[in-house]
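These protein sequences, in sequence, are chains A and B. First residue of the first sequence: 3, per the working numbering; consecutive thereafter. First residue of the second sequence: 269, per the working numbering; consecutive thereafter.
Accuracy of the hints is not assured; some may be wrong.
[Unchecked claim] List of simulated lysine-lysine pairs, DSBU-like, C-alpha gap at most 30 Å: (1) A/LYS192 with B/LYS520; (2) B/LYS670 with B/LYS648; (3) A/LYS290 with B/LYS648; (4) B/LYS520 with B/LYS581.
Calculated from the structure, these hints are not laboratory results.
Residues per chain, in single letters:
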Amino acid sequence: MVSGTRLPIVLPKPGASVNLASFPATQGHRVAESAVNIERVTESVEALKAEFEAHRYICSDQIATAVYLAYHLRKPVLIEGPPGVGKTELGKTAATIFGLPLIRLQCYEGLDEAKAIYEWKYGKQLLYTQVLKETLEEVLQGARGFAESVSRLHEFGDIFFSEAFLEPRPLLKALREEQGCVLLIDEVDKSDHEFESLLLELLSDFQVSIPEIGTVKARREPPMVFLTSNNTREISDALKRRCIHLYIPFPDTDLEQRIIHARVPEIPPRLRRQLVTFIQELRDLDLKKVPAISETIDWARTLLLLHTENLDPQLVRDTLNVILKFQEDIDNVDVEVPVLTNKAVKS
Amino acid sequence: MDGTLTSFIAALRNAEVRVSTAETLDALSAVGLVGYDDRELLKNTLSLMLPKTVDEKETFADTFDRFFAFEDVDGALDAGDPGGDGQGDGDAGTGAGGGEDAPGAGAGNRKSKNAFLAAATKEEGEEELGHGEMPPPRSALGELLMLDGRVALTVRMVEVAKAVNLEQIQVFTQKGLYTRRIMDEMGLPHLQREINELRMRGGLPERRLSQELSKRRERLREQVRDYVERQFLLHADATGRRLREELLRKVKLSNVEHRNFRLIQEIVFKMAKKLVALYSRRKKVFRRGHLDLPRTLRGNMGYDGNIFDLKWKSVKVDRPKVFAICDVSGSVANYARFMLMFLYSLEEVMPKVRSFAFSSDLAEVTELFERNGIEDAIAKTLRDYGGGSTDYGQAFEDFRHKCLDDVDNRTTIIILGDARNNYGDPRTEILKEMYDRAKRVLWLNPEPRATWNVGDAEMRRYVAHVHQAEECNSLLHLERFVGNLLRTVQ
């Protein structure tokens, strides 16, 4: 910093308050015709379900109802279920369907408000402090005595804690989206209890409080919030109370076949039936990590790549590592493979 | 219909699904959105709004089916109601059959009416024979009974049930009482009198009516009994159970009858779950020495970046290590059973429980608990180590030999026993050694305090070398004790 440089920043006029609304939202305007479309889609649970299917997400009535309620009641959805049943995918697909930007917050232990809601731009603040020092003289010119100097400085307000120095993090960003957005708070069970409490205000009133500035409310459209949890720990009652609670279990044979059909359409129906039956049988075994839908899809792709037409024990053995993620499980299942394959082929 | 929803929620609460007032309001607005028309949709909607765990969802599904089963019949009959009024469109149809209420179509009308009757009541075999003139019944209930649509009857029944406060039914012995009250309230005495009079008067039409009425009365009684039964399951089953649980909490554990073990176990799990919820938060301990730079900078921005409020990195406290030493000799075995059950149900907050069992020789049973379910493990422990005569001295000696080295200043040792040493050497010096090494040594004695030093009990000597000695002989004691334990070790 060269000394004597003119102050490059424009100080707000004395007494001027910082207006939150004057800051531009990041999202452009949505086209009007998509609004009509959304109206049609959210008209009934069936329409929503069909739309999800069109986006290659096959959902049960329960799931469609949850999204339907979430859209109309503007309530967050807490999605629980074993890993790999499409919890995160549901949030993503919903964002596509409603034509809203997706803002995703991945939770982990130690996540705090500085990373989730907002942070001050310290670097900028320090830099500006330096610059300000240089011009202090100018500001205080003509002031007589300490008291007058202080009162003159006061008139400038807390510019360092104003919007210009605010670094918005996902939650704040979500609130400030002009047209609304889909906020996906992923694996909320991985975060600490403290963070859960932070979420409460956001979830019930769609607002966050920043001590230095005040309360930031959602723009016209509050975001649609999806929270996912893998049940590694109990989510607090306070949080659950504010949400629609959706539990996604493993799908039954029929649903899973349709999912595979939607995701891997090239696979022949016979093989599809066989592999789904096999996976379903596998889920009944005592395994460390039960294969989920995502594994079924991976396996289907693998089999497709290998130009398979029918399951046979040798092939299953060779590709077992696609669906099972622990050596222990693979060893255990290895013995059962012929029986299970046989069952699957006969189905 | 809001009344229906609130009473459904009452039933849910009774089935131990926790529903808050806020959730009730949410559910109301959700139902306002989807309506009551589509049963499946309603069920999906409510199951998203009300239950908040997987277990609760199952309970919810049961309760929903039971609760709305009745409403469903009601609805179907509602649709069929015009049939009862003589329009004769057959069963629960929408009336698309074709305008048979034209005056000329008398025969057809009658025929379809009979079909409806048979469909609705399903046991009209005998009645077909004695078909003929019948005088109209005079009592109110009789009229209702002879009206073919069951709707009016059902509606009346529900009304009466409300009037006699059926929802407050508490124990199953009240079922008969409530059935009778409802029947009486509906006008059974009058009907009874009428039936008797008709029979006495002796004319064929009168006798026919009397027979018909008593048949229908029986059917009604059946229906009322069914209804009471359903309401009992919805409203009272859990209440009676709660009463029993409340009692079992206070009863001395050695007096618990075998048939109640299962229930006790459930209570233990429930208590443990409560404690887990209470203590699963890990507290932080602030350790000086590691400056947390980002947090310090942030925390001091309010002072324009002058750093004078320092923030330190924190570490999380290790969860407590618990050693449980249980006397499993005859007199204390039952207590040991429940204490072990409790400790192992607390796995989430106390993952490091090592347990030892002794009557004379002491052995570690931790592994047994890891490999088997709690119940099996307890049974095996009691079988293998229980039953001998107690020798605390020997047990302490064994403990010192086996794992005193593992005891450190984070360990809590819990000893469960009556300290009845059969006049053997108490070996208090070993207990003192444990006391010196461990963070805490706690002694639980199932006997009341007054008898602690009577006879061969060595409690007086042992108490000198423990941090705390408590009387513990019911689930309530146990809960209080474990709660304290968690509070102090964290």
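Structure versus earlier hints - violations, ascending order
1, 4
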